[in-house]
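Be aware that the sequence shown starts at 1, since it is given in the UniProt record's numbering, and climbs by one per residue.
Certain hints may be false.
[To be verified] Taking lysine-lysine and the DSS-like style, the derived pairs with C-alpha atoms no more than 27 Å apart in a straight line are:
#	residue 1	residue 2
1	K294	K34
2	K265	K513
3	K294	K265
Hints were generated in silico from the structure; no laboratory data involved.
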Amino acid sequence: MIFSASSPWLILLCLLVGAGYAALLYSKKAPWSKPVNYGLAALRFTLVSLLCWLLLGPVLRRTTTTTEAPVVVLAVDDSQSVPLFSPDTAALRQTLAGLDAMTARLRDAGYDVAVRTLDTAAPARLAQTRFQQPATNLDRLLTDLQTGYEGRNLAAVVLASDGLANEGRPPVFAEFTHPIFPLALGDTIPRRDLRVTDLRYNRVAFSGNRFPVEAEIGYDGFTSGTASVVLRENGRVLARQKVTLAPNRRLQRTTFLLTAAAPGKHRYEVLVEQQPGEFTVLNNNRNAYIDIVKGRLRVLLAGAAPHPDLKALNAALLGNDNFDVTLAVPGLAPLRADQDYDVAILHQLPSRTNAARDVLQYVRSRNLPALYVLGSQSDFSAYNALGTGLRVTSGSQNAEATPAVNSSFTRFTLEPDAVARLGEYPPTAVSVNDARLGGGGEVILYQQAGRSRTTKPLLVVSGTAGQRQATLLTDGSWQWRLQEAATHDDRADTYDRLFTRLLQLLTQDSRRKRLDVYPTQDAFSTQDDVTFGAETYNAVFERVYGQQISLTLTDEQNRPRSFSFTNRQDGGVLHLGQLPGGLYRYTARATVAGQPQEDRGEVLVQDQQLEATASRADHNTLFQLAQRTSGQLYYPQQLQQLEQRLLQAKFKPVLHTQEEEKNLIDEWWLFALIMALATAEWVIRRYSGSI
């Protein structure tokens, strides 16, 4: 349809202009016949009228209608547990071939059929599915489908699964707008199986001390007898115990008491020995990863006056067995100068009231690493004189900010859920108007005002190993811990990890290393991308970049892997990818300013056999999922009934109408028409003896 914003009466004016032009040009006596003259006048009339009409800006409106067929998605759980709990592998392959045949018939019936697996990529034919995914997250699979097909004609989802989900939330708690038809795979009859279902232990132990490792042993298909449970390290048996397989129970617990060995990271394996008839031994062992240290980290927690921050920080540190905290507050808890400390937390010290001078003198005389918490009672001039790598000026009024993680900081990392929790923290007062970071300083947290992330620091660290200082620019962090505990089952894990990791960073090896290579997490799982950070220093211990670093990683069987990378100023890390579970030792080497440098350490990769933690399929979850979405549960032998249900549902196609407006003058055919009119007139006049 063609329309114009101008009045339709103007079209008459365009026609009058065209008629007048043609009459003026062809009313005189011409050297050609009258029919030719009338034809030329008609051509000129059409051409001029058309050009005048185009000046009115006519618009061409096109309406396009498309039909979208109903979409049926076949979502296949391709995790390792599906063939593990399927008694007949040939029957499983036959079921997949049946799904391929059903896919073809649904497409012939006019349905748009899509195939998805847990990793979103699917083979050309489901019969070729390789069940290799080490974990199952059905909630993510179904939620991603709903999000990806939002606004489209998603009619139904067929979920072929054993119902076992070991990652993410249970899918029955999600809300879906389309029916789900589960196809139950696997067997719900318990198989004869022994397994280590859980290990309980402290992740930190002190050398020479005894510590417990409690193992939870699950079993199915056993009505009597005993099982032998072994604890070993590097293949060497450290302890052995017997557990009774009572007929009226499915779980037994046993506890090993060990004496902590030499400091370092240790991997202890708990193994329940195989019994005749077990259907799998994949779940017969689990590993305990324990960091054995020389002793607790001694923390001096001092403040100018009682404050909720002191209680929050004290609770955060006492929740970790690696810390021994001593409180010092003037008038309440005097400083114990005869005691040695490894690190200090100085809350609003230096203070305007000149309180706790003995604490400041003690920290300076012992050259202790320190975390300074600045607030409204801080003496900013005295703080600037300490040389912490940060200069601050006070503001006339307190601003409020929430923490935002600096993604470029790699000295330690926070998990994705921890970053999300930080974003939920309430805003707190920042009494500093301006903060300028000196050389070598790094920002851990930025200030965020509302939704706007600023470049102002909130938590910074500076200095080299053994001489590091950190500064927190708010005295309201107690509100963060309170908020997190209130909204996450009385747990403030993120707040506690943030400050324990910060103190561990401040007290790292005091040797002035010019090459410092470190894993970015305390431990990785076999599903994680293992990453390392690196720092290099010149002769005066200033950070330098662009150094070529070689890294050799050696596993417990003394098999080396070699990597090389260059440390960059943007804080990029070395990505090693996924590694098998175990304790790895690494050696890093580099040549800095012509001198060879070396650094050593350890990194843990935890092996988790998630897909073998159960001994039977979970069809009850699939039944509940079908009930909540108005679907129905089917079994492989009912595949034909499932197909009939989908066909008889007669899902309707959806019509999508789209209107497009375009200036008529932009149409190529209109330009061709104008050229054709002008050319025809010129050719006729030329042929008839005139131009």
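Hint by hint, here is what the structure shows:
About 116 Å separates the Cα atoms of K294 and K34, which puts this hinted pair outside 27 Å; it is violated. The suggested pairing of K265 with K513 holds, with an alpha-carbon distance near 21 Å, which does not exceed 27 Å. At roughly 12 Å between alpha-carbon atoms, K294 and K265 fall within 27 Å of each other, so this suggested pair holds.
Hint 1 from the earlier list is the only one contradicted by this structure; the remaining hints agree with it.
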